[in-house]
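Undergrad: Number 212 in this note's numbering belongs to position 212 of the sequence shown; there are no gaps in the numbering.
To be clear, the hints were calculated from the coordinates, so they are not data collected in a lab.
Because the structure is a prediction, the values reported are computed rather than measured.
Check each hint, because a few of them may be wrong.
[What the hints assert, rightly or not] Straight-line C-alpha distance at most 25 Å; calculated SDA-like pairs for lysine to any residue: (1) Lys312 <-> Lys365; (2) Lys377 <-> Gly465; (3) Lys365 <-> Lys163; (4) Lys438 <-> Ala472; (5) Lys163 <-> Ser188.
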Amino acid sequence: QNQIQNHTDQGGKKGKNDKNSLWRIGIDKPVENETERTLEAVVNLNNQALATSGNYRKFYEKDGAKYSHTLNPKTGYPVRHSLLSATVITDNCALADAYATVFMVVGIEKAKEIIQSQVFQLNSEILSIDEISGRVIAEDCFSDRNYPPFNRSAMDGFAVSSKHYSKGKKFKIVGTVQAGDLGDRVFSELGSVKIMTGARVPDNFDAVIKVEDSVVSKEEVYFQLDSISSFHNIARKGEDIKKDSPVLEKGHLLNPVSISLLASIGKTKVRVFQPPKVSILSTGNEIVPINANPLPEQIRDSNSYTLTEFLKKFHITPIQREILPDIPEEISKSIEKSLNSEIIFITGGVSMGEFDYVPKILAAKNVDCLFHKIEVKPGKPFWFGVGQNKQIVFALPGNPFAVQVAFKIFIEPFLYKLFQSSEYLPLKIPFLGERRKKHNLTEFFPVKLNSTGIKTGLSLVEFHGSGDIIAAAKSDGIACHPKEKFDLRDGELLYFYSWNTERV
1 QNQIQNHTDQ GGKKGKNDKN SLWRIGIDKP VENETERTLE AVVNLNNQAL
51 ATSGNYRKFY EKDGAKYSHT LNPKTGYPVR HSLLSATVIT DNCALADAYA
101 TVFMVVGIEK AKEIIQSQVF QLNSEILSID EISGRVIAED CFSDRNYPPF
151 NRSAMDGFAV SSKHYSKGKK FKIVGTVQAG DLGDRVFSEL GSVKIMTGAR
201 VPDNFDAVIK VEDSVVSKEE VYFQLDSISS FHNIARKGED IKKDSPVLEK
251 GHLLNPVSIS LLASIGKTKV RVFQPPKVSI LSTGNEIVPI NANPLPEQIR
301 DSNSYTLTEF LKKFHITPIQ REILPDIPEE ISKSIEKSLN SEIIFITGGV
351 SMGEFDYVPK ILAAKNVDCL FHKIEVKPGK PFWFGVGQNK QIVFALPGNP
401 FAVQVAFKIF IEPFLYKLFQ SSEYLPLKIP FLGERRKKHN LTEFFPVKLN
451 STGIKTGLSL VEFHGSGDII AAAKSDGIAC HPKEKFDLRD GELLYFYSWN
501 TERV
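Input sequences plus hints: build the corresponding full structure.
TA: In structure tokens form, the structure reads like this:
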């Protein structure tokens, strides 16, 4: 009403304080229901702005759910989340305040939005049609002529003129037409022509009667059908494809069927997207190569194989794959090398433990963090950022199932958009059984897609948490347990994400 577009309800100050020195800001330890304030950290600001948002003091609970004082700007309702606090330091006061609030609102959809906002333009190359299987087309392709290019017989039989047809009427057989014969011959429309499947129907005829409905007597033929219409058993010229019409759109995965189509339109050279350069780093003192004989406290590196196999659908082959111990110098050296890639995947070392060095090292390499931690289980410590040269960095928790979930829910949609293709949308399928969770996170869990009697739906797979290495292999995909629901009942519709989505 008053034309107000922006409003600041809290003031701040940059530069130096009243003592003419730089500001030193204390940050409280974000502990719920704590009556006394405990200092978590002190930050020295050099003409910067700092803002903190949290729900560890200002919140309320209803029906076992915790609601923040922060309002979701899209809905106007209080936000439900698991983050206790977010502190942001920037050069701009308004941005610091805004991002501190945004981080408290970030859920799955917001995280996907942030990730997909960083899509970049892939390079392309022209390849022979013999080299393009599994690649993604980078141009729209158009037909060079009509298909069929002529009125084509769909049957072995006899071509006649429908206007001269009647049941039992005898037609003189005036010729034979095979597939590939030239269409320059003219036949009397009062006669009939023996014709083969795929042959061009002569101009004077507009119907084909199959052999099974025909009776041949010497050089004549008559038919048992009561009546026929124009274009009976004929594929009309251009009914499949019109000349100059699009046949394949940019972003299509080239498989045997689509390559067959390109061959049909004479496309010998095809422009395809060049896959991005990718690096995969697996961190952790406990990680060993798969050909090692691990000690009891060690585990084999499965995450790099998980990511490599998922990436094959996009024809992406990593240029760097390394296993790194929790030694900052070694992690730093490998991350520096990986920044020559366009997309970097790091597993492990992103949580809040003493040896989780990855976020600090990325910051030291001038990789900007766009979010760290999301409201999802498994995979809550998910870190996402962008380097100085627009490198995309996905730093994921190290548990195998968390990596699998992160790829399906966040990374795969990003890659679909990167290749300018439409992503697979999850199906809504009934849940067979019951399930309970005690937290207010969105949770993904492994399921089988099966049928029990007359009911088809999703059934639970035995699952022991995000470190479980066999549950996903026994499942057909993952189902989503919404954050706002603590209990799932039999028959509820859940979003189902299949492991087996082959096209781009």
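Undergrad: With the threshold set at 25 Å, check whether the alpha-carbon distance from Lys163 to Ser188 stays at or below it.
TA: holds (13 Å)
Undergrad: Need the status of pair Lys365, Lys163: alpha-carbon distance at most 25 Å?
TA: This hinted pair is violated, its Cα atoms lying about 81 Å apart.
Undergrad: Would the pair Lys438 and Ala472 pass a check requiring their Cα atoms to be no farther apart than 25 Å?
TA: Roughly 22 Å separates the two Cα atoms, so the pair holds.
Undergrad: Does Gly465 lie within 25 Å of Lys377 when you go C-alpha to C-alpha?
TA: Since the Cα atoms of Lys377 and Gly465 sit roughly 10 Å apart, the hinted pair holds (cutoff 25 Å).
Undergrad: Taking 25 Å as the top limit, are the C-alpha atoms of Lys312 and Lys365 close enough?
TA: violated (29 Å)
Consistency with the previously given hints fails for numbers 1 and 3, ordered from lowest to highest.
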